[in-house]
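Novice: Could you put together the complete structure from these sequences and hints?
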Amino acid sequence: MSETTTLISSASETPSRQAERIITYAQAGVEGVREEMRRNPDIFYIGQGIGPRGGNFQQSRGLWEEFGEERVRDTPIAERAQAGMGVGAALAGSHPIIDIVFLDFTLEAMGEIVQQASTIHYISNGRYKVPMLLRAAGGGVRSTGPHHSHTFWSFFAHIPGLKVAVPSAPADVKGLIKTALRDENPVMFIEHKGLYNTKGHVPEEEYLIPFGEARIARAGKHVTLVTLGMMVQRSLDAAAKLTESGISVEVIDLRTLVPLDKETIFASVAKTGRLAIVDEAYASCGVSAEVAALVAGEALDELDAPILRICTRPTPHTFSPSTDAYLVPSVDRIVSEVADLVGKKI
Amino acid sequence: MVLIREFELKAKEVFRSGRMPGFIHVYIGEEAVATGVCGQLRKDDYVASTHRGHGHALAKGISARDAMAELMGVVTGCSGGRGGTMHLYDPTVGFLGSNGVVPPGILIATGAGLSAKLKGGDQVAVAFFGDGGSNNGAFHEGLNMAATWDIPVIFVCENNMYATEMPFAKATKNTNIASRAAAYGIPGVQVDGNNVLEVYEKTGEAVARARRGEGPTLIECLTYRWFGHHEGDPGVAYRTKEEIAAWKARDPIQKLHDDAIAAKLASEQEFKQIDVDIKGELEDAAEFALSSPLEKNETALDHVYFNPAAD
Ligand SMILES: Cc1ncc(C[n+]2csc(CCOP(=O)(O)OP(=O)(O)O)c2C)c(N)n1
Ligand SMILES: [Mg+2]
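Taken in order, these protein sequences are the chains called A and B.
Under my numbering, the first residue of the first sequence carries the number 286, and numbering increases by one thereafter.
Under my numbering, the first residue of the second sequence carries the number 46, and numbering increases by one thereafter.
Incorrect hints may have been included.
Pairwise CB distance ranges (calculated) [as the list claims (entries may be wrong)]:
#: 1; chain 1: A; residue 1: P591; chain 2: B; residue 2: L335; range: 53 to 59 Å
#: 2; chain 1: B; residue 1: E332; chain 2: A; residue 2: P544; range: 40 to 46 Å
#: 3; chain 1: A; residue 1: E489; chain 2: B; residue 2: G67; range: 40 to 46 Å
No lab work stands behind these hints: they were computed from the structure.
Values in this document were obtained by computation on a predicted structure and should not be read as measured data.
Note that the Cβ used here is the ideal one computed from N, Cα and C, for glycine as well.
Specialist: Here's what the structure looks like:
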């Protein structure tokens, strides 16, 4: 870590408030990657459309111009080769950024990620390490349909050897992607298509946000909402509405799934006595199941009501513009289900 | 070649005695490929290997002791006993792993070659894979990428005519793998994979080309595995006795012996001495492996993640 780097652990401690520079989520990612590429010559960046085009979502805008074709290069449509070559390059001492662009298409590279990248450090008994950042955007926005809307972060969180980040706020994207690029493990960095154009305050100076520290996006007393990604803003909007009915909601943005910040969840549940998990992914075997199991197993005594899971209903992702709001958790659904929960007792 | 042959014979013997965990794929009959190819490599060059990888590992410089211990799953193995036969690793000799999957070594070697190129080094990477592996999508993705970016990698296909029990001619229309190189705009050569000098010579050209920055070459080595796909497969249900006998008559070790004697480059005595020395080395390796301890539960959770504070 360079001496000038600040380590911050929550947005409330974000340095340099006076600057209040507002940029997008996509720009924050570019800034983090740019700083790390300047710092570490072993980092290179490959993916589809991430060169002169600047990425489908502007997530690499300006990197090709600054670092050139050698370090920022467009690949053919070959996700498996991208990931497999990333593994080989990492073994040989580089730190590749592999941009798969759409989370959906990591499926084409699943063998390389799960069977090679995640296993080699352990299986070689620590003799090799696999420093690589796999970047991809998940989630649905405006009828992206069944092949461009997936949210399966839990697939990766299931696998020992991978670290997983799912940032929701621009400032977190910058701080977390920088941390990810200093971590010498394979990291799945899962952004959200619907967030790339959202804006927020992002400090201009260098700072890192550690993995494994959730962010309390809103403090509250009556119920804890544990959430991530796109659902953080919906949970905050729901929380604002719920205040009108006198319900005070604490919203926890997990930020990283591996490592997972259990302590912040437990502390919040100890305060509120009620837990709802809001996830854009499916409930079955997902993050909501994991968080529910952890709380049930280690903090059951703190609960005054059953655990509620508000997740995308289990169908393939629809194109139909009319049913999207019914299938994916909406602000209204969060409000009504959380209001019901507050009335419940064990 | 003799080291690989004796290693595999010893591994078979220990396996059959019931003391070796898992299952192994032996390389007997194909020794000239690993030996000829790796003979052209420097220690800092890279090799990504396959499920049938003992020969590649030994030829790249992993010791018989380290490899045999790994096959036994003991802590003195090159992967601490955690990998076994299909996960031999050794960063000190550029060995990027044998592999339980067919054939991601193609992509891993391509990535290592890309890394060398970006770092401005002149190392090359070699990917070994079988005829079966050549029909997998990774072959297309890897060769296309390596060719397009002039990556210093040599793709070595060990065409032993079968993928498990599947004859290559039933698995593809064009059985000339080297000819596929044309599709990627790179050189492709077919060599007698049982002639170590021919493998050595053709690999030398490919390595020189890669080091000059001119990109990859595809080398198809025609060879044959004498035994079944894995230890325990008799390997005779899908192959005729005549075919097996004909290939055994083309033993790569015998050929080198006969050629060297005929050309008066070595004496019988020298060949005998190699046999004696290597048999001794393998006795020692087996003894070492069989007497080493297994990993304890206390360390079983170590190294899931690289942690600079702990490592
Ligand atoms: C992706 C994948 N599919 C199937 C297998 C099972 N398998 C292991 S080795 C093998 C045959 C490989 O044949 P080839 O590539 O010709 O190598 P050879 O065994 O002849 O050396 C198969 C099918 C595997 N390990 N990985
Ligand atoms: Mg074969």
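Novice: Can you give the numbers of the hints that this structure goes against, from lowest to highest?
Specialist: 3
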